[in-house]
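Visitor: Chain residues, written in single-letter form:
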Amino acid sequence: MRNEALHFALRNRKLVVGTVVIAVFLVAGLAGPLMFDHGPNDYVGPAMAPPSGEFWFGTTTFGQDVFAQFVYGLRATFLVGVLGGVLAAAVGMVVGFVAGYRGGWVDELLNMLTNIVLVLPALVVLLIINAYLGVRSIGVQALFIGLTSWPWAARAIRAQTFSLRSRDFVDLARLSGVRTPKIILREIAPNMSSYLFLTFILLFGSAILVAASLDFIGLGPTQGVSLGLMLNNAARWSALQLGLWWWFIPPGAGITAIVGALYVMNVGLDEVFNPKLREM
Amino acid sequence: MRNRSRFLIPVLAAGLLSAACSGGSGSSTPTGPAEGAAGGGAAAPADGGAFPRNETLYTSGTQWGPPANWNPLREWDCATGTKGLVYETLFMYDPNTDKFSPWLAESGDWTGDLEYTLKLRKDITWSDGKPFTADDVIFTFELGKMETVPYHPLWSWMKSATKVDDQTIKFSFSTANHQEWANHLYSRAIVPKHLWEGRSEDEVMNGVNEKPVGTGPYAYQSHDQDRMVWIKRDGWWATKALNKDVKPKYIVDIVNSSNEVAMGLLLQKGLDLSNNFLPGIANLVKGSFGIKTFYDQPPYMLSANTTWMWFNTAKKPMDDKEFRKAVAYAIDTKKIVEGVYGNLVKGSDPTGLLPQWDKYVDKNVTSTLGFSYNPDKAKQLLADAGYKDRNGDGLVESPSGAKISLKLIVPAGWTDWMEAARVISSSAKAAGIDIEADFPDYNALVDVRNQGKFDLVLNNDKQLANTPWLYYDYLFRLPVQKLQSTTNYGRYENKRAWELTQQLDQVKPEDIEGMKKVTSELQKIQLEDMPVVPLWYNGLWSQTTNSTWKNWPTSAPNAPKYPPTVWRNWLEMGGTLMLTELQPASGG
Amino acid sequence: MRRYFGRKLLIYGLTFFVAVTINWMIPRFMPGDPVQSMLSRANVAQPAAVEAMRAHYTAMFGLDLPLWQQYLNFWGSLLKGDLGISIWLFPTPVSDVIVRAVPYTLGLLIPSILLSWFAGNRFGAFAARRKWLDNSVLPIGYVLTATPYMWLAILLAWALGIVAGIFPVAGAYGFDLQASWSWTFLGSLAQHWFLPFASLFLVAFGGWAIGMRNMIIYELEADYVNYLRALGAPTRLVRRYAFRNAILPQVTGLALQLGVLVAGALVTEIVFSYPGLGHLILQAIQNQDFFLLQGTFLFIVIGVLIANFIIDVAYVLVDPRTRTGMGGAA
Amino acid sequence: MALNVTDLRVYYRTLRGEVKALDGVTFSVADGEIMGLAGESGSGKSTLAKSLIRLDGRMRHVGGTVELDGKTMPLSDDTGMDRFRFREVSLIPQYSMSALNPTRKIGKMVGELLESRGERPERAELERRLELVGLSKDVLDRYPIELSGGMKQRVVMVVSTLLNPSLLIADEITSALDVSSQKAVATTLLGFRDRGLVTSMMVVTHDISLVYQIADTIMVMYAGRLAEKAPADVLVTAPRHPYTKQLISALPEVGVRYEDRRLTGIPGNPPSLLKPPGGCRFRDRCPLAFEQCAEQPPFAEVAPGHFVACWKAE
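Protein chains in written order, with the working numbering: chain D, 922 to 1201; chain X, 11 to 598; chain W, -12 to 317; chain F, 5 to 318.
It is possible that part of the hints are untrue.
Computed spacing ranges between beta-carbons, pair by pair [to be verified]:
# : chain 1 : residue 1 : chain 2 : residue 2 : range
1 : W       : I293      : D       : V941      : 41 to 47 Å
2 : W       : F(-8)     : F       : A128      : 37 to 43 Å
3 : W       : A42       : X       : K373      : 44 to 50 Å
4 : F       : R132      : W       : F296      : 42 to 48 Å
5 : W       : L101      : D       : L1064     : 32 to 38 Å
6 : F       : L292      : D       : F1090     : 38 to 44 Å
7 : W       : F4        : F       : R132      : 53 to 59 Å
It is worth saying that the hints were derived from the structure and are not from the lab.
Glycine residues also receive a C-beta, built at the ideal position from the N, C-alpha and C atoms.
Hey, can you work out the whole structure from these sequences and the hints?
Guide: Here you go:
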């Protein structure tokens, strides 16, 4: 069965393309900054220079190297995506598992909590929190993104858990006196591992988008560089009016490519895990 | 129920047309000026509500939010032009020539050591037809007796304002603060007594003043969230009295949503005068976009204010003037001017005095005590004062061995300052001083700044005015309060300097030499003690296009030299006069 | 059904309560004193005068009362529709500022949400299991839905606004116009509306199309479809049924996506300086006007709650299961 | 002869190759005959049932023909098959509980289905048929979710037989039901045939004991091929194929329900159908296997109506 999944995985164009794109950006983000002996915000070149052999993505109004900013920005983007995604997935899993497995009033309570957080428009909540934060960092940003974006994951996981709860193997474990957290960890979670992974991928992607929006509004990390901050700076320093397209196209294209690749990966994986969806 | 419907109706009112309808007619909301306020005989513009382009002047760069009040006492947030286009001042002050010219006043003189006599022009009327008299002037100054009126402090040294006749007023003082008084003479907008009488303190200070009735050349036409529209008024006194006329029939001041929007509009010739900070504008001025600035080469702009870096002198090691001096030498201002601002600003004189005040700079003092970027000198100063790098991290520790790690705070989102702070941080580190740029939000910054809980902070609160006294007041004011909200953020205590500042206040503005004597001493103290580092002069941001209106002020020989701006508090410094010089680009 | 709505309303009520509490709490436990910052902008020279003004405004904003009383007062004035006074636009009441901006936001949001939802669903259903469409157009859908709203907005503004010069890129209508019922004015309004609308529409459209396509593929594998097929039902009927069933999760999805769409509208407005709530939020943030920020936040929450409720009603209309008292999926 | 199946081969496409799920099957079902079709899972019985009405995406008709009432059915032509479906051959699926569109009232759905097939929906006839299975006409105004599982199953039975098909395929329809419902369903099926609503019937099941109650004949499949077909009595009492024998002997007592796992209780596993061994496919598990079994035994008629595929069945 494992082999079959792998076989389909390798043959699934969506999955392969998505993975390759993510890998390329990940490598660029990890290795790219090593190419430079200057920081992303240093003034290293002539101001407003278009892309050239020396500055691949051109320079900003200050003479900062856009390519250097881009690869450093990728780091921040991946970091916020992974941290935010992991946190949201963790909260979503805990809430979803507990609610789905325990049922009863625990479920009622958690469900209500989930629904409340679900209905609150996350970005607006983030706005108001971030606006009052004196110092903002990627970590704090990811923390709040994680804390606001888990509800739908919790709901989905709850539903899945619900359907697994009454299966034989779970009953068996319960009858043999295994404790609840262990049942969830040993019996339920592994049986929906693919589903959990898909959930994480979507959370990862949405964390990146939310972070980019926050950065763009001007509530990004106060230090460092990220793709969203690049967009924010480009807009603020009139890159559009001055025709500095090399300043605002790469960061947006980077975000789009990463998030798009994640979505495509998600569908690809879904097709791999779910034989019904495989195209014949 | 009324409140409920206030919420629900807009929510339910879907669709674009309803959006346009209720959103477009901002004047129908309860707080907007009422319909009848389009006084001065203003008629709606022809052609389906469009303003004819050749009769309209488009400006921007002042209003950072929808026009919310027309209260000239709220000098910091009243709608653009409220003071200057509607309410006028007694004098005009031209900072370029350092000249006062009588405006609503005909003349004014110190008729005694503690007495000032003011004569008003005749035949000036308010836009509602009532005559403008001495009563209005006295009333306006007496409003300052209310505690919350910003010029309330005037009454701590002014005794009375008495009417001699309809055109003559005598002001008597307990202290003759000449410099400040001169400032008041051209800064206070005179309001009509017959309309303001009987307003409570709250109304006076917080009132919206929907129907501004002034003596000036324009009247309220309309406003919306994103603009303020003034319409030319018939019978402006200066047409007759001074043979001056304003050409644009409409002035539309566009609310800034952001600087890049202003740049876009400017490029499309949708703006005639942009008083926005437009990074990169130098490229456009040099290109063939038809955009002009005051100078056609760096710094492109006139200077408007100084950006200072304050040391919190109540904290170690900023309490050590040698350390402060070392920092001053360590800052690469040139890199800020060129890198961050693309030469749109000018590096500051060591005294921080604006170019317009150059005559008050004692060159003897600055040539010996002045500083400039010199990392070696900075290192030398540090070494001499005992600041050494003991742990080999390239950064110095204090003589006592304590680690030095300072934070320079700049409000988050002030992108140019954030960039500048980064430059300062890196050049200070290069000289061995650990300064880290930090960007708290504005509120938090104000909090720590006022409470004296910061290390270093950038500030440019004080603007160009008639007197450098304002700057010294800003630098040296004593006593230090628990909260320092507008002056002396560094909590620098120097009694001598404060005495000199007060002394300067009492020198007559005409007595340049007398002023120079005092400023020279102040500069010596300032440069020896270095409580604050002047960094660069922010520009009087101003970009103009010639497509509809010409004869803008520029450095060219025959052009007017008035400050090309409609910024608040600048119209009485020549902004209004700039308008009188404008000519239609075609057929004018 | 009553139970269904009862539960929903309870959730919404609680959400509102939570939102109000967050709203009240955050500014009071964050650094910075709003009055102080306002005064420092007022640029008043004399410390004594500053103190007097400070006391005045602090009393006015109620910041000198004990916290619990501030909280109760907050609710009290909220229920009266009083959201405080804007610092940025002093002394305009926050509710007035918001009410002026809301029509623009709604004017963008409602058409773009509805149209993208309808068009996206139609298109996604159409593309599902049609080889060439699936392969050529869906990648575009993925790219669209992954595009950050502001970036698409920037691209459109740059390409169609600045480079091509076809559309204006700022404001709600020409600065040379006054609001009136003339064609010139309406034309200008539409012209300014188009690009923000288009960028919102496109991103959302991509999302709905992809969602619908995936839903339909699930549905086309459903048992009832196999049964219909086995009975020789024509593709037309099968697709109609599948669409009808796939639309249900999309309706729920609409409720889930509402927050994201609103967020999208906010950043889009910022790009185009469109004078709606997003623009207001940006200004509130930049001017540290926390009464305005709070008011806008509350307003958006209320709006989202109302929209959720409308969607709930719509859901009941399309999903028989909720009507028959069996409790819905949502 | 209602149904004639000749050498039918239907393969599944998988990654590892073609699974020969139905590998040369020849049999016929007479008018009025109710044929039980039994076998373990993977024996090909479901594939056979599906092949006769609708191949799913992964199934491929490799060879052989199917004639219904003298007309050849174009198995691999999905649209061509539509002519037969519902009218000539119909299906009661295993998933009856979920076979009804959840968002349509049952009456409306039936109406739309009939209309789409160019039939005029006759309300009265529909109501009569519902009555036959013990449902009130109210169900037509209900959504599927408002019905119990048994009710849904009966609705499906009514719908599937509405056009009086020649052949009705009932696919594992009782597996989800309790014993008494199973009985009821079985009786209803009988009733359909007896009233002439359907001509012949193929009842696919793994439960010989149930099918024994209603079937005229029973056919047993093993590993994609036919093992034995005989009148129900004969097959149960005197099976000739060793596989059938094991199957029957595993039943505790004829007529008593037995557990599904008994069938798989036969030692050994069925061969992989990816590359099935030549010859008899039961060989490896067969106690009687000998050399000749390396050759595929024919499905030969050893007695009237009794077909067996075994060299030792004579």
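Visitor: Check each numbered hint from earlier against the structure, then list the numbers of those it violates in ascending order.
Guide: none
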